[in-house]
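K.L.:
Using the hints, build the complex out of the two chains.
If you're matching them up, the sequences are chains E and W in order.
If you want the working numbering, it's the position in the first sequence, counting the first as 1, plus 2.
If you want the working numbering, it's the position in the second sequence, counting the first as 1, plus 685.
If you're looking for bench data, these hints aren't it; they were derived computationally from the structure.
A couple of the hints might just be wrong.
Stated by the list, open to error - Far from chain E, by Cβ distances over 12 Å, these chain W residues were calculated: (1) N740; (2) W771; (3) V791; (4) V864; (5) A866; (6) A905; (7) K963.
What the hints assert, rightly or not - Restricting the straight-line Cα-Cα distance to at most 30 Å, the calculated cross-link-like pairs of lysine-lysine (DSS-like) are: (8) E:K167 with E:K88; (9) E:K214 with E:K199; (10) W:K963 with E:K199; (11) E:K214 with W:K963.
Just so you know, even glycine gets a beta-carbon here, dropped at the ideal spot from N, CA and C.
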Amino acid sequence: MTAITDNSIPVTPRAMRDEMIVFAIMAVLLAIVPLTGIYPFFVMQALCFALVACAFNLLIGYGGLLSFGHAMFLGTAGYVSAHALKVWGLSPELGILAGIAAAAALGVVTGFVSIRRQGIYFSMITLALSQLLYFIYLQTPFTHGEDGIQGIPQGHLFGIFDLSKSTTLYYVVLAGFLAGFLLIYRTINSPFGEVLKAIRENEPRAISLGYKTDQYKLLAYILSGTLAGFAGSLKVFVAQNASLTDVHWSMSGEIVLMTLVGGLGTVFGPVVGAFVIIAMQQYLAGFGQWVTVIQGVIFVACVLTFRRGLIGEIAHYFRISL
Amino acid sequence: MQALYAQLLVGLINGSFYALLSLGLAVIFGMLNIINFAHGALYMMGAFCAYFLLNVAGIGYWPALIIAPIAVGIFGMILERTMLQWLSGLDHLYGLLLTFGIALIVQGVFQNYFGSSGLPYAIPDELKGGMNLGFMFLPIYRGWVVVFSLAVCLATWYLIERTRLGAYLRAATENPTLVRAFGINVPRMITLTYGLGVGLAALAGVLSAPINQVRPLMGADLIIVVFAVVVIGGMGSIMGSIITGFALGVIEGLTKYFYPEASNTVVFVLMVLVLLIKPTGLTGRAA
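Next comes chain W alone, as it looks inside the complex (with noise of 0.2 Å):
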């Protein structure tokens, strides 16, 4: 039964990734109608960022935690000035084929640097050692993870559901042209957004960061995994983004429990079973 809750916990952690990954995704997707493929990069970025932060200028990890996705955030955001916003009333194919060249640049600069393995980084001092829970032994950085990830899906689920702000977000994502109209400045609101939804990839990057070891391509076989999890949840609602998140990272750390061959495939085959019987995803609209 230990290793049942074990991989129960790695599955939970994973799916607070794709949780945090696939809402990125879905709030870019309802503003810009771009599919962000450079979202696995710009995730890397986000642990590249607390590991230089600790070892160029000794900056820790709870700076780190701020400072990393605001950083990566920002560099979002003059991607999007410079190169994203351009591509605003063409094919939304255009902007994925644009990301993907984005994600290359930026995988090819980090490998070039820094090779194929991994970095160490340490787990933070507050959060070392473990806590026996009776039926299984947690280690307490991977429930600060769960923990700390669901807490910021909450949060962000509450700024674009229920605040003023999130309701410009909304109607901007309905009808932009009447959003203007109203006076609200929908081209700054379209870079926030990307900056927001790359700051959580970013964020992402610094939890897994102690975890998975820094890697430059720790985000490429990522985030192939996060667009089956939309394809499955749809990007219709930002609750669904996080539970489907959420569900397949557990079932996937079930499936390395019961049947460990087929972990690394099970999103995928879920993807096409759910494609079979409802191929507008579990909460998406029809596109």
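Same shape as in the complex, but just chain E (with noise of 0.2 Å):
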């Protein structure tokens, strides 16, 4: 059986240092956008979802494992920080760890469920979770069903920077991107994700050699819902609310879409994914439904002919790994 993914990145010195040139391009190139006069807030949502889809690649990617539910966690670290912030008038810093600490919880809780299964099921069992999580969100009260928690204060994080001037939360936001994107490089290219690859690779080796797979599994869904929760966190700031559509399934499927369009399993793909689809939903705003169309068509398009993703393709042509 081929894996999921065609992308297999070396750990060579030279693929570091390849991939640190372009983390450091891409740094200086998200640093000077406000001087660029681009819509800030078009980059700032694009960062959250760069970042999930980053959490998700690091699952689907070096774990195998193509989780169909992310969305719940982008959404639950969304409801938690915004009714911190909103409610117990949380500072943003403790709003943000109220977030990422109940995407880690949730992490743990359905990482124990989903993580009995392989392949197809673990999909099929992340998804159905998703859905619970959305009708459970959808009744209870602090969620305010289909409003949403709305007019979320920004406040000072750290008492300091005042998150209402769009250009310091830009900044604060590409912070927090980039600490998670490096985590998640570090995480790829350490023991631990050694470990990964190898179980994804093939699992009865990885076992056969005493690596007790399960848990190596499990941590590294926690890992990826718990930085996916972080950027929803993020994402409250941005865009001042926290609504069902963040918990949504069509939310799943476009972190999915980013990542698969990027390209799975490479470590900038995801990044590039998320800013060409968000892009895509800004500029095709008033076609209404056909955006679904369209998304649809990208999905099809990418896995009959498009397998390795745009990044995917641009490595594989220069013989780099991005």
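P.N.:
Written out as structure tokens, the structure is:
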């Protein structure tokens, strides 16, 4: 059985050097965005989704587990952060921490259940679990049902940075994204990441070598969910609301799509994919439901002809690691 | 008690749809190794097909019960020939992603032209009205749906488990290369199997049209529940899918009566419990 991703990344000094160069270019480009006059809201939103997609990619690209319910982490952390900020009146840093803690707890609980099955069943289970949460959030009072939590105060991060100023908020979101990205990058290249890749390639063999593969997969799942939750908490400050759309299955589908477009199992693919999909939604907003159709067409086209994704194709063409 | 029986009947009807859909998913998974995410969208197409037949061509319910599954089944076979067949040999997950994309396209197109509201489809004259069973009032159409679905499920079981064609099918599921060596056209069988699974979904769509109205997103949420049903039942056995489908429908109906708040989550909660106790599913073999 061929693995889900055609992108294999050798860990060599040269590959790591290439990746660090690209990372530096990406960080500089993102840092100068406020000077260019590009609408910062768009970039902030894309950065949040890029982090979710990177977290999702950690699971599929390196663990071989396709989660079709990653929106549950995005939405749960968003709801908890929004509630903490608005109702409990917590400071931004504590609000973010509350969201992360909620996502981590959700990761432990759902991971314990879903990791019991593999492959296609894992995808169906995560989808069903996220639908379960969707119905719970639809009914519990604290989420305010269809309206969502609105008008969330942004406050001052650490009492210093005024998050209602869009430039300050932009750099805070950027810092959060880069920190999350580096954490994922470090994980992929750690001994833990190597074991994950081994499990993806051949799980029975990894078991025979003495690795408790379930524990590795569970840990990867929790880490992925927690980071997706972190992105969800950051998104609350950008959008200033938390709503049911963030928990819906179509959101999980979009996260999958972003990663697929950028390249499953590539380091930078999910980031590029997130920007492409968010930009597409922005420009095609006037077309109504046709956006869904176009997304479907992209799914089909990617799977049939373009399985490496944008970054995967570039990396393959130039024989470099991205 | 009247309300309890009424909810039980609703449960049985939902159970019929779960059974017909999970049966199709299991048959397709056996041959194609693909979880057909487009199943909900194809179920919706079945309902729309009946709606068009009635309102455009003036063809009523009874012919639609045959024409719609065949038409949607042919559409499915075209999908299989043009797209799904290229995925053989790749990871199962690509099939899930591809069919998810197909579902988005189909549902998006229908939503564009018909919005999200429901279109009415009248109950055929022969099945209008109801019967007083003494302990409850039974709307005839609802009783018909349950009996007819059960008959179709059992016929499918018979076809696969007890006929020569079914034996070829089961053999090709186990070892396609060997079956091919015996001179059986396995690719054609795969196409027909996909058509059969899709046809069952479309049939469920036609049956549900008079009850649930015809909506572009009628299959979108249903397919997720059916996935949970499949996880609970496992895809190893045809009869297992049928029994699990009906049983979960009944449990859902009972929940609607005793604790309505949990009625749309109970199947998912049961899935979690089954995974904790018996991870391979009730009838499934280890994957």
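K.L.:
Each hint should be assessed against the structure and marked as holding or not.
P.N.:
Verification of the hints:
Non-interface status of N740 of chain W relative to chain E is upheld: no Cβ of that chain comes within 12 Å, the nearest being about 22 Å off. W771 of chain W, annotated as away from the interface, has a beta carbon of chain E within 12 Å; the closest lies near 6 Å. Distance check on V791 of chain W: its Cβ comes as close as 8 Å (rounded) to a Cβ of chain E, failing to clear the 12 Å threshold; non-interface status is violated. At roughly 20 Å, the least C-beta separation between V864 of chain W and chain E is larger than 12 Å, which holds for a residue marked as non-interface.
Listed as a non-interface residue, A866 of chain W keeps its Cβ farther than 12 Å from every Cβ of chain E; the least gap is roughly 22 Å. Taking the minimum C-beta to C-beta distance to chain E, about 8 Å, the non-interface status of A905 of chain W is violated against the 12 Å cut. Look at K963 of chain W: its CB is around 10 Å from the nearest CB on chain E, not clear of 12 Å, so calling it non-interface is violated. Proposed proximity of K167 of chain E and K88 of chain E is supported: the alpha carbons are some 18 Å apart, at most 30 Å.
Pair hint K214 of chain E plus K199 of chain E holds up; C-alpha atoms about 14 Å apart against a cutoff of 30 Å. With a CA separation close to 28 Å, the supplied pair K963 of chain W and K199 of chain E stays within the 30 Å bound. For the hint linking K214 of chain E to K963 of chain W, the alpha-carbon distance of about 20 Å falls within 30 Å, and the restraint holds.
Hint check: violations occur at hints 2, 3, 6 and 7; the rest are consistent with the structure.
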